[in-house]
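Protein chains in written order, with this note's numbering: chain A, 8 to 815; chain B, 4 to 223.
Bear in mind the hints are in silico, worked out from the structure with no lab data behind them.
Note that CB positions come from ideal geometry on N, CA and C, so glycine has one too.
Incorrect hints may appear among the rest.
Stated by the list, open to error - Stretch by stretch, here's where chain B covers chain A in the computed footprint (C-beta under 8 Å, at least three residues):
#: 1; stretch: 10-23
#: 2; stretch: 767-773
Unchecked claim - Cut-off 16 Å, straight-line C-alpha distance, at most; resulting in silico cross-link-like pairs (EDC-like, lysine to aspartate or glutamate):
#: 3; chain 1: B; residue 1: 137; chain 2: B; residue 2: 99
#: 4; chain 1: A; residue 1: 100; chain 2: A; residue 2: 245
#: 5; chain 1: A; residue 1: 347; chain 2: B; residue 2: 99
#: 6; chain 1: A; residue 1: 255; chain 2: A; residue 2: 145
#: 7; chain 1: A; residue 1: 347; chain 2: B; residue 2: 77
#: 8; chain 1: A; residue 1: 668; chain 2: A; residue 2: 191
Said to hold, decoys possible - Incomplete in silico selection of chain A near chain B, CB under 7 Å:
#: 9; residue: 292
#: 10; residue: 430
#: 11; residue: 552
#: 12; residue: 553
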Amino acid sequence: MLKNYIMVALRMLARHKIYSLINIFGLAIGLALCLIVIGHISYELSFEDFHQNKDRIYRVNLKYRAEDTELYSSLVMSPLGPALRESLPETQKIAVFRVIGNIDLSIGEGSFMERYEAAREGFKYDANVFCADPEYLEIFTLPLVAGDPKSALREPFTMLITEPAAQKYFKGINPIGRVVKINDKLTCRITGVLKEIPPNTQLNCEFIVSYSSLQHIDENLASWEKYDRDFVYMLLNEDVNLAEVEAKISAIFQRHVGKETASKYEFELQPLKDIYFSYYGSGRMGDLSPHGEASMMIEIGVVAGFVLLLAIANFINLSTARSSDRTREVGVRKVFGAHKSHLIRQFIGESIIITFISVILGLLAYEIFKIIIEDLLPRQMFADFYHNGIMVILVIALTIAVGVLAGFYPALYLSRFRPIAVLQGKSGIKSSKSLLRKGLVVFQFTIAIGFICSTTIIYRQINYIANMELGFKRENMLVINFIGKKAAENAAILKNEIQKKNKVLSVTATNDPPGSQGHTFYTYYKDQSFEDSSRVVFKKFCVDDNFISTFGLDVIKGRSFSEYGSVDGKNTVMVTEAVVKDLKITEPIGHKLYRKDGLVEIVGVLKDFHGTPLNYSYRPQIILSPEPEELTNLVVKLPPQDISASVTAIKETWDSTFPGKTFDYAFLDDLIESNYNDDRGSVKMFSVLSALAILIACLGIFGLVSFTAEKKTKEIGIRKVLGASVPNIVKMLSREFVILIAISNIIAWPLAYSLMQSFLQWFPFRASIGAGTFLLAGIMALALALLTSGFQAVKAAVANPVNSLRDE
Amino acid sequence: MIDLKNVSKCYSSGKVNTYVLRKINLEINEGEFMTIMGPSGAGKSTLLNIIGMLDSMSEGEYHFLGESVQKLNERKRVDLYKQFIGFIFQSYHLIDELTVYENLETPLIYKKIKSSQRKSMVCDTLDRFQIVGKKDLFPNQLSGGQQQLVGIARAIIAEPKLLLADEPTGNLHSEQGKEIMDLLKKLNDEGTTILQVTHSEKNAAYGSRIIKLLDGWIED
């Protein structure tokens, strides 16, 4: 029976090529999008899956609560881990580890600058050096390919290296026994090589240094006061009561710090598998990156699902429209003993076969997509279908679900035919189908038009904020970032050298270049009470004397910082108008603000400028303060002529100042623009999705019109004989779609409008939503639909009526 | 075998009832070769379809092999006719997407006959109708006569007790028509009860009994 059905299905596909292509192609597009989403979700869900103990591993998180501060952290005090190890019987193992930041590695002769960016926005993998105790290797599944796992990480000044890092830094030379110097402080000997760590973990690193090495360089190792020191992961016995363990941790903590301090802290055990998805919105500090973002996954999943629905709508439409092709088969099968259930099974089976073919094509598209996208992404984000069990199951489930969803209505519809009527040449069914078909076409175009409107609005919004006047000069600014302990010192050295050697317009040093994503916010108090009510928070730029002139800021009151450096100290500040407004003061000059460590006096007022990115927050309240030790960025204003020569000249200065170090720079324009990368990415994604949605919807119309034209061949012939012109016929065949698309517009516009209204709410500066956007989307959809339907209609209309009337 | 009592069939459109069949009383015994004749619109096909259980009657009683057909639900009715009745149509009604072999196999599939047994039954039938060479062809690759041959082969493959033929030679030219009628005669001789609808006196002559319909009534 199955073979019989499959044969029929495949032969039907082969016979009706256009319909098959539309169905398969459309479904393949929709499915490919869903597969991409599924591939991403599967990959994200697979994080930390490779640890054999994954279900019994927990991290200790800390919550701190005092009068005016609340704090949530995944890092805890250094001595907590060892204390728990001694006195907590429920735990089998405890790993204490940390990430070493600001890495400057020296191996043998060469020097490698590796930048560690603290868990910022998820994507970067620069947390290269971990520092862990021996139990780390026992809790997590991290096998060694060389060296002794029993003695690994036990001795101070020993370290492990991963296979890829060994390849990267030692290029085929056996790394065991070699010495690596970290930040000029720690010199470690490599005692083992770790098997390559899978990418789907937050514990990815290149080196693991033995934790005991820290005793000699970290004076806070025994301090119970510093809470943001180390990660503590525990391997618990099965069926322990987490609340009890948490209570015991608090009790142990209390024994060390006393009751009063302990009352401010709470400890929480977080299952390993939950960590990856629980970062965004939790307010937790110190997490390792990357993180999963569940809400974004749901959003793209919904959008991809809609495109798939469009393809399913095509399938339903074309199957029911074409039902007359199948009526006789249904009749014959019924006469020869088929029950309705047989036929329903047959037709659903057929749609599953079509879905299956589409899934194969979709998987092919997925693989191609992966190859293209992999280089563009900072990390792996998509599962390998053949190695990811979750994905295989999801794909099989999707195939069946889509097959049934697409096939169910047509199956029900077709199997209803009464054999006797069918065999006598009547359709055997009362026609209610065209309403459904119209409804589905309206549904498709509503989605497509909605997509186009939304994309246009997002695009306009991003352009609007990206091109806004920021209030400071941003062109031809070269930014050089320094990191590490000597950052400010080195920046000052280079600033000096550039001023001496290079022909530049000006050089200024700052903590953050304005417009980039710095997060330096400072709290001040209006008076010395230090109460919450008098607290104000400003974005702070630490600057030198050149800052204001380099960026062309307007001083509207008071004075600028003095020309000769050291005259103004930390306690003189300049503020923007917005700050003055915030403070509600009439005479800002000489006004004082307080911090617990001292007071500052306002010496000048600046015109407001947009010092922070304009995507989601607007903070014109800015304070400028001269603090030489914070100036880790140099901004060099280049003469507009021959930028590349200027850059080369500066590189020469760099090379002579810091021989052997890599010269790394960026342009301020690019840095500012990069704030909108995510948004531009969304625009691109939505453009592609809109294009696909409209493509699928038009394919559906193409199929429907060619079907109508085919069925009406005779009518068209008769009409032409009676004197109808080609435009008359085209109009007759296309009219219906014009009406349907008009209805779609009317539904889509308010939907897109309210959706985009809520999207734009996130932005402090909003482009207006004009009627033009909607009209344009509507006209575009209409034009494309007319083009596709017109093509088929014209073909039918110009045919010679003699041919269509003869064969009767 | 077949016992119709006061069977009527009417279609109602609005307030008007149009009778296609009126108070038909008919008995058909096993082994008969019966012909229904009459002009177009007399209700011949409707009667055939009611006997074949493809159509329902408006009034009256129908007993098939002692079973009261009007009391059966659809599923039981399908099971009954697929067990005992074979159909032959004027326009053959083969499934275009299936080969000759697969067309013959279809009724056996719905009777849940095992694959190996199906194979031997189809092969036997192909052999008996001398169409082994055509088993992999599709209907549109055959002539009308050949298609009807396949149609008959499909109708009798499950060895029905009753064969219903609605103008089986209507689309064939006389030579082919004669061959088909000879075949039906032979099947009747081998024991199959046959009920045919035809316009042709010549074809009617093959049968053992003729009833004539006019405006839904049986003419005496």
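Hints and how they fare:
1. For the stretch 10-23 of chain A, the stated coverage by chain B holds: 6 residues have a C-beta nearer than 8 Å to a C-beta of that chain, and at least 3 were required.
2. With a cut-off of 8 Å between beta carbons, the stretch 767-773 of chain A has 0 residues touching chain B; three or more are needed, and the interface restraint is violated.
3. Of the pairs offered as hints, the one joining residue 137 of chain B and residue 99 of chain B holds, with about 14 Å between alpha carbons and a cut-off of 16 Å not exceeded.
4. Restraint check: the Cα-Cα separation between residue 100 of chain A and residue 245 of chain A comes to about 13 Å, which is no more than 16 Å; the hinted pair holds.
5. A hinted pair counts as satisfied when its Cα atoms are at most 16 Å apart, and residue 347 of chain A with residue 99 of chain B does not qualify at roughly 20 Å.
6. Restraint check for residue 255 of chain A and residue 145 of chain A: the C-alpha separation of about 23 Å exceeds 16 Å, so the hint is violated.
7. Taken as a hint, the residue 347 of chain A and residue 77 of chain B pair is honoured in the structure, with Cα atoms around 10 Å apart against an allowance of 16 Å.
8. Proposed proximity of residue 668 of chain A and residue 191 of chain A is supported: the alpha carbons are some 15 Å apart, at most 16 Å.
9. Among the interface hints, the one on residue 292 of chain A is violated; its C-beta lies about 66 Å from the nearest C-beta in chain B, farther than the 7 Å criterion.
10. For residue 430 of chain A, the shortest C-beta to C-beta distance to chain B is roughly 6 Å, which falls under 7 Å, so the interface hint holds.
11. A cut of 7 Å between beta carbons decides the hint on residue 552 of chain A: the least distance to chain B is about 86 Å, and the hint is violated.
12. Among the interface hints, the one on residue 553 of chain A is violated; its C-beta lies about 82 Å from the nearest C-beta in chain B, farther than the 7 Å criterion.
Of the numbered hints listed earlier, those contradicted by the structure are 2, 5, 6, 9, 11 and 12.
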